[in-house]
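**Q** Take the sequences, apply the hints, and build the full model.
First to last, the sequence lines map onto chains C and L. For the record, in the first sequence the residue sitting at position 167 is 167 according to UniProt numbering, with numbers rising by one throughout. For the record, in the second sequence the residue sitting at position 217 is 217 according to UniProt numbering, with numbers rising by one throughout.
Just so you know, these hints were derived from the structure itself, not from any lab. All of these numbers come straight from a predicted model, not from anything done at the bench. Certain hints may be false.
To be verified - Covered by chain C, according to a simulated footprint, are these stretches of chain L (three or more residues, beta-carbon under 8 Å):
hint, region
1, 53 to 64
2, 398 to 407
3, 415 to 424
Said to hold, decoys possible - Derived DEER-like restraints, expressed as beta-carbon distance ranges:
hint, chain 1, residue 1, chain 2, residue 2, range
4, L, Phe211, C, Arg83, 52 to 58 Å
5, L, Asn284, C, Arg134, 40 to 46 Å
6, L, Pro124, C, Leu199, 38 to 44 Å
7, C, Asp276, L, Asn128, 46 to 52 Å
8, C, Val224, L, Leu22, 24 to 30 Å
9, L, Arg172, C, Leu4, 45 to 51 Å
10, L, Gly234, C, Leu151, 50 to 56 Å
11, C, Leu151, L, Arg331, 47 to 53 Å
12, L, Pro124, C, Val101, 54 to 60 Å
13, L, Asn286, C, Phe154, 21 to 27 Å
14, C, Val94, L, Asn284, 36 to 42 Å
Backbone N, C-alpha and C fix where the C-beta goes; we use that ideal spot for every residue, glycine too.
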Amino acid sequence: MLELSRALLMGATGLVIVSLIINVVVVATRHRKPVSKAARKPVAVGRGASHPVSPLSPAEFDENPNPAVAPAPQRGVAWFSDRSVEVALLAMTVALILRSVVTGHAPFSNQYEFACAFGWGITAAYVYFERKYRVRTLSLVVLPLVVTAMLYAFAQGSEAAPLMPALQNRLLLTLHVITAVIAYGAAAVSSAAAILYLLRPRLTKIKGLPSADLLDEIGYRGIVICFPMLTIMIILGAIWADIAWGRYWSWDPKETAALVTWLIYGAYLHARVVRDWRGNKAAWLLILGFAAVVFTFLGNHFFGGLHSYA
Amino acid sequence: MSIETRPTVDHGAEAPEEHHDLSVGELFRRLYALFYNKRFGLLLILAMAVLTLVGVLFPQAPGEVLADPESSAQWLAGQEGRYGNWTGVLAAVGIFGVFSAIPFKVVTILLALSIIACTTHRLPLLYNQAMKPRVRVRPTFFDHARVRATAVVKGDEAAAAEAVRQRLLKERYRVTTGEDGVPLYADRNRFAPFGTVVAHAAFVVILAGVFITSTFGFRVDDLSVPIGTRVEVGRDTGLAVEATSFKDSYNPDGSPNDYVSDLVLFHDGQQVASQTVRVNAPLNWNGWSLNQASFGIAADLKVSAADGSVVFDQSIPLVYQTQDRQYAYGRIDLPEQQLQIYLITPASGKVVDDIPAGKAQIEVYPFGAEKPSFQTILTPGEAVTGADHSWTFARERQYTGLMLSRDPGAVWVWVGSAMLAIGTCWTMFLRHKRIWVRLEPVKGARACPSPRPTVTT
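**A** Below you can see the structure in the form of structure tokens.
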């Protein structure tokens, strides 16, 4: 079963790579579709080209009194790319469930398991945002993160190890880490949007890039998911620490790094309401936040502490 | 030709001195304005993040170590291998104790004040936004709204207005209409922004809890109780802990699977609780918490004075290890005798040349001395005389390492945490959605007035 789980994860990684390659080709060969003058009349300010809020113009209304039916999308390579990522997410989910069944605990107890879960979190967040906003360009930054997380996982020992005494709290282990995985996945998508936001002025040769406002919106929406999850994760960790060690906070390096991440995202949320901290500065905060996420995730390689096992 | 645009000011001595006196009220108003300024709050958050990051990147000495000059010096000596000559400089600027250093405390206090001021300042605004929203806006507002949408509908204006109203009501919006019945403004989740108030207040409650913990909390991290013995906690707690048994078990790969102590808790000599304690199953009594932390080997030592009176007869937990991990040792002080005693054995599983298996080495130091006044190998059960005392190593036994704590601040931390979680989710997942609607006829359309709702959130 563990071998099957690992094989599924490798297959999922392959599918993500295939999807990434397809998306690179799609984005590189994309050309701007001619848009009729009439269709451009209603302007949706603040949203990207992928979000036509109101496609109906007075002229169009007169010509087409019942324009509700949109043309069905063709099943081109982009369709296969989307399905590849979705199948990869499904395979990852099955793989992690299989591993949980075999080991008797959620797959969050060592670097291999947590890296796989991290990859799952990023993929799940990407699928959610891709379905919601239809921004294919986002995949060029997000999917390499998934591949990196999975390759890192495969570089670790995948053997199932028994839980050490401190981890033997299955409810809190599951809740604490699953909130971390969701938060980190959403943070990855946010940082990808921020990277594209900053690069956008330099990517003028790429057609069909999402608008700066849409990238800003995706970056923010990611943190709307990330920040509460991160908050709950830290609180659950404090509850667990209080049960296990009789203190809710001990300035352990990993929990302190998580606090730094939380502060950075807190700063980002405040930055968005300060007029001159919007735009590039807010985007940089998102990138800094994700750097803090990665540092928190890999922190045990640099420092010991209570989280030295994962 | 020159044109004078302003009168020349003579800065000479005869010019009347201008007084810029600041009233106390004005001073407080300016301070309040500074603290509710979002940019100031943002900089404080970033400052706290930077200080916290420094605390992650550099090892932090425990508070009790920093409080004791001797322990602090020893701890710093241990860092010299890593930081060399920079150790002293880093210590001087508080790098090894960031979270108890003044800059961190100052930033924390300023941040708490900023949160209080910001929340206080925002409350009336939030109230007005929820209860007395601005329903009429300038036409240019619709042209510059960040998110907007236009829909063109063929039909009568009144019917269109009613259709828009019904649609908004169906979507659970609160709809405000003009005198002519045309929708002007609609909103949903109007109390959502109050979630930020809860979340911000939560941060202050948590900080208050942390302050109570650090000021009034009690904590012993290294309470070592040899199995079969009772240890007085002291420090006016009235508590004593007895460990009746201990069991450690291991996985096939050698990693620890479980360690379990059977503990009995006494208060003022009366048994008040007993429980099997594991890492995730502490003993809780009357606000006190006993947590399983570690375990190891202790050595029974009996010390008698020259007149035969027993001055010490207890187990010494061998809680320390030498840097090469070859030896385990414990230390006790005998204040009345002005002696410091180290008892040393081979570490678990280690074989060393100078201390045969089953035996222990004793080193006796007069207080303040750097060299032992007496040092020998002890054989179990055999009394040895030296340094005016008789020394008997009885046997080794296991000890269980416990953490004892009492934290009156924790309850506030949990209250604040609940508020923080609720407030954050409330704010993030329930957005205050606001829609301003404008209906206007479409020029050139054959049908009469068509509604053009403009949406902004």
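**Q** So, for every hint listed, does it hold in this structure?
**A** Each hint tested on the structure:
Proximity of the region 53 to 64 of chain L to chain C, defined as three or more residues with a beta carbon under 8 Å from a beta carbon of that chain, is established by the 5 residues found. Counting residues of the region 398 to 407 of chain L whose C-beta sits closer than 8 Å to any C-beta of chain C gives 4, which meets the bar of three, so the coverage hint holds. Check on the region 415 to 424 of chain L: 4 of its residues sit with their Cβ under 8 Å from a Cβ of chain C, so the three-residue criterion for coverage holds. A beta carbon spacing of about 55 Å between Phe211(L) and Arg83(C) agrees with the range 52 to 58 Å that was offered as a hint.
Our hint of 40 to 46 Å for Asn284(L) and Arg134(C) is violated, since their Cβ atoms are close to 53 Å apart. Checking the proposed 38 to 44 Å range against Pro124(L) and Leu199(C) shows it holds: the Cβ atoms sit about 42 Å from each other. Between Asp276(C) and Asn128(L) the beta carbons are some 25 Å apart, a value that contradicts the proposed interval 46 to 52 Å. As the Cβ distance of Val224(C) to Leu22(L) is approximately 42 Å, the hint placing it in 24 to 30 Å is violated.
For Arg172(L) and Leu4(C), the hinted distance range of 45 to 51 Å is satisfied, since their beta carbons lie about 47 Å from each other. Range check, Gly234(L) to Leu151(C): Cβ separation about 55 Å, and the 50 to 56 Å hint holds. Between Leu151(C) and Arg331(L) the CB atoms are about 49 Å apart, so this pair conforms to the stated range of 47 to 53 Å. Hint check: Pro124(L) to Val101(C), Cβ distance near 55 Å, so the stated range 54 to 60 Å holds.
Our hint of 21 to 27 Å for Asn286(L) and Phe154(C) is violated, since their Cβ atoms are close to 51 Å apart. Checked against the given bound of 36 to 42 Å, the beta carbons of Val94(C) and Asn284(L), roughly 41 Å apart, stay inside it.
Violated hints, in rising order: 5, 7, 8 and 13; the structure is consistent with all others.
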